[in-house]
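These protein sequence lines map, in sequence, to chains L and X. Under the working numbering, the first residue of the first sequence is numbered 515, with each subsequent residue one higher. Under the working numbering, the first residue of the second sequence is numbered -18, with each subsequent residue one higher.
Worth flagging that the hints you see were computed from the coordinates, not collected in a lab. Treat each hint with caution, since some may be false.
[Stated by the list, open to error] Below, a list of computed lysine-lysine pairs in the DSSO-like style, where the Cα atoms sit at most 30 Å apart:
1. L:K542 to X:K25
2. L:K595 to X:K255
3. L:K595 to X:K123
[Unchecked claim] Selected chain L positions facing chain X (in silico; Cβ < 8 Å):
4. G527
5. L557
6. N558
7. G561
8. D562
9. P568
10. A579
11. A613
Since the structure is predicted, the reported quantities are computational estimates derived from the model, not experimental observations. No residue lacks a Cβ here, since even glycine has one placed at the ideal position from N, Cα and C.
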Amino acid sequence: MAASAGCGAPAGGAEVTDAGSQAIVQGKVTREGAPVSGYARLLNSGGDFVAEVPLGADGGFRFFAAPGDWTLRVLAPGGIKADRQVSASTGEIAELDVAV
Amino acid sequence: MSRSDVLVDADWVEAHRDDPGVVLVEVDEDTSAYDKGHIRGAIKIDWKTDLQDPVRRDFVDREGFETLLSERGIAGDDTVVLYGGNNNWFAAYAYWYFKLYGHQDVKLLDGGRKKWELDSRELVTEVPHRAATSYHAREQDKSIRAFRDEVVAAIGSENLIDVRSPDEFAGRLLAPAHLPQEQAQRGGHIPTARNVPWSKAAEDDGTFKSDDALRTLYGDAGVNFDIDTIAYCRIGERSAHTWFVMHELLGQPNVKNYDGSWTEYGSLVGVPIKLGDES
């Protein structure tokens, strides 16, 4: 992505163009099987915020992380907050589906 | 300048959005978010197509800003209330633009779109019509915008605040983690820069932390409140959020946003770069 394209990412996360060099964390957030509207944020192993995306229409999110351990935090209306641990590796897609 | 001059809450917006002279503007990272639903009465500014030069790496110029605000129906004496997603990231960037071109009365909705949504407040798809104005902008206020030579000169003498994530600061990532990692420039940070990720200034719901908590945050990271400050990130948007915190909330007098940021600095020939977690 060129610098002029800025930091913008669509709801649900940017498209994967070259998964081979990326350490991807992605998944869907659902409640009783239905997609949740809200936010997914990625925290590093120290608990610090790294990135955030609005959930897509299907409850989906995607992050391009570095190899290592991460925490995915879901925020949704009604005070919903859920944390899940996930490990990322270069060239792999870590799938993480979250039911809240 | 203090918090009450530059921040409003959701109740204020609901009470005043129909007042003459109050203009609500959504500026979102996800530029399609407005079309799916926005606060009633709000208009949209697209940070990319409206605020950036389509050819050169720069902003819309003064005439371009005048044309934009005129066609959106914003007058020079209007109270402009900006809000957006992701902790007001891009709304803060637009706020800095408005100040750069001399608009006096600009505010952020504390918490932005996220808090509004998490509180289950109303969003509508109806787009309001505003009559065109004849907006007059000022020359750019260079006291809040840093360029590369003064950034290099500031190494070791001014506060340099790198507001990217720790992994970008150290050179392990080249872009925020919600974007693909494809960048041409070198990784790392400007020597002597303190790493205070922009997002640490906000709570989970996107509202700004208290002034005391903010002073502790920057002070503990080694920021000296008695000297001038330049904030940078990757392309100058996250650092506009930190500029807002330092200059508008904490009232620090000499704070600049280096909008060239890492995509410029990390591509310069011959400048010093530091790798790793240490300043």
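Can the hint on L:G561 be confirmed by a CB-to-CB distance to chain X that is less than 8 Å?
Result: violated, 11 Å to nearest chain X Cβ.
Are the Cα positions of L:K595 and X:K255 separated by 30 Å at most?
37 Å, violated
Hint check, L:G527 versus chain X [nearest Cβ-Cβ separation less than 8 Å]
Since chain X brings a Cβ to about 6 Å from L:G527, closer than 8 Å, the hint holds.
Would the stated hint for L:A613 survive a check requiring a Cβ distance to chain X of less than 8 Å?
The hint is violated - L:A613 has no Cβ within 8 Å of chain X, the shortest such distance being about 19 Å.
Minimum Cβ distance from L:P568 to chain X below 8 Å?
6 Å, holds
With a cut-off of 30 Å on the C-alpha distance, tell me whether L:K595 and X:K123 pass.
42 Å, violated
Interface hint outcome for L:D562 [beta carbon to chain X under 8 Å]
Hint holds; L:D562 Cβ to chain X Cβ min 6 Å, cut 8 Å.
Using Cβ atoms only, decide whether L:A579 comes closer than 8 Å to chain X, and label the hint accordingly.
L:A579 check passes; min Cβ-Cβ to chain X is 5 Å, inside 8 Å.
Would you settle whether the hint for L:N558 is holds or violated, based on the nearest Cβ-Cβ distance to chain X being less than 8 Å?
Status holds, d = 7 Å.
Taking only the CA atoms, is the gap from L:K542 to X:K25 under or equal to 30 Å?
Answer holds: L:K542 to X:K25 is near 29 Å, not above 30 Å.
Just to be careful: measuring from the Cβ of L:L557 to every Cβ in chain X, is the smallest value less than 8 Å?
10 Å, violated
Hint compliance for this structure: hints 2, 3, 5, 7 and 11 are broken, all remaining hints hold.
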